[in-house]
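**Q** Chain residues, written in single-letter form:
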Amino acid sequence: MRPFTFERPTSIAAATLAASQLGGKFIAGGTNLLDLMKVDVERPTSLVDISALPLRDFGATAEGGLRIGALVSNTDIASDNRIREAYPVLAEALLNGASAQLRNQATAGGNLMQRTRCPYFYDVFMPCNKRQPGSGCSAIGGYSRLHAILGASRDCIAVHPSDMAVALTALQAEIEVHAPSGVVRTLPICALHRLPDETPDHDTSLAPGELISAIILPPPARGKQAYRKVRDRASFAFAVVSVAAILDCSSRTVRDVRLALGGVAHKPWQPRAAERALVGAPASGASFEAAARAAVAGAEPQPGNQFKIDLARRLIARTLTDLAARGG
Amino acid sequence: MPQSHPISSAAWPTTRLTINGQKHELTVDPRTTLLDTLRDHLGLTGSKKGCDHGQCGACTVLVNGARMNACLSLVAMRHGDEIVTIEGLGESETLHPLQQAFWTHDGLQCGFCTPGQICSAVGMFREIEHGVPSAAMANVAATPSLDAVEVRERMSGNICRCSAYPNIVAAILDSRQGHAG
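Protein chains in written order, with the numbering used here: chain F, 10 to 337; chain D, 945 to 1125.
Derived from the structure by calculation, the hints contain no laboratory data.
Hints are not guaranteed to be accurate.
With a straight-line cut-off of 16 angstroms between C-alpha atoms, the simulated EDC-like cross-links for lysine to aspartate or glutamate are [stated by the list, open to error]: (1) K233/F x E1073/D; (2) K47/F x D164/F; (3) K47/F x E72/F; (4) K967/D x D1050/D; (5) K34/F x E219/F; (6) K47/F x D1025/D.
Covered, in the sense of this in silico footprint (three residues per stretch, anywhere, with C-beta under 8 angstroms from a C-beta of chain D), are these stretches of chain F [what the hints assert, rightly or not]: (7) 25-32; (8) 39-45; (9) 64-75; (10) 89-97; (11) 108-114.
Glycine included, each C-beta is placed from N, C-alpha and C at the ideal position.
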């Protein structure tokens, strides 16, 4: 690791100011940042340890939802009875990610800020536009089995690795952010991560020094929810394809549906066309198949990952069918 | 490659923490991981460095009772924390019940992963007691209990390249029964 200074601010104002300086980085759980520093992909000159900040609250909101402080661990979110009962898709997504050790250490905010596991991004001897803008994309024309099929660009086909963010997208969560200026804003989770376009070095819409302080869940959605993840090992592996689904049916008709896909794009992917096609449709296998086809209609796969189109399509249809059978 | 600028040791952070019941005040290069501190600075070589990237679990220790990868934490991040390593669980003459169970069930071959496996299992028992669910549960809101399928899922952060898994699972389940009874 390269040298860096280390500080433990005790106020959000001091932390955001310190991290907004050139070379400054927040550290909380550190499971991804330290890993990347060891392989010289991340090179902060100053680490701002935020673990002493008052960001561990986990309580109800006035609107009937939940506010999860950014420093709450992945384990503590998944173990919370309110999450397990009213937002099971989120608990399932968290428990299907990483290992128990990592979930104990990793925080809510850090989960959102983790970086792609594209192997070319991790290898400093390979060109990578995300790591070194303008150097090229090694995955295009390289091993692309685990890369994006939706929303990719000519400069980057990396996927976002978070399971939690996929569930939060289906739940329509909001992210609370503190700026170094003192301004506090909230943005929908779908506006946090971005598509690569011509600037894949920017994973999120956050400005330097901006700090995620909380995740805000709306009141529980009606219907049944599930997170389904297809991966290369039975445990402790990133998604090949995953889906978070919330299905609300009445009299065998779809009243509302929310879908988000993981492992297919640079951010959690919302197949809006599939959602629109389903609302008001019969809660039948045929409807779910048609919606699943619509979800991947615009896919542009690489030579190594064409299989993801069928995999995603089948995963969506199967998950919706199961949710309908559970009473949607 | 851009030049790195050295950081004066005068700017090194001081970290106070407890390790196996003993208080320490350490002023070290902030790049030092908890694992390297234990092994290279304090002589606690029971925690092993396998991958050094949080993938193998050989460095698993307990931080305030929760199992974590010591390789993915700077010691400076553990200010005020209580660490327990394999050395803090048992001694040769007074084995921890899980150490005894691994011995009885031959839950190892080369033994390199064993300290991490045992610390991880101790952490897992605590998680069960605290109601932490797992991906192996059909209903995430149910009360967790331990069987072979659950142990395999919950211990997936600990790799044994000798593949002593059947005996590791047997040792953990046996120890758990003794624990619960």
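**Q** Which hints, by number, does the structure contradict?
**A** Hints 1, 2, 3, 4, 6, 7 and 9 contradicted; others consistent.
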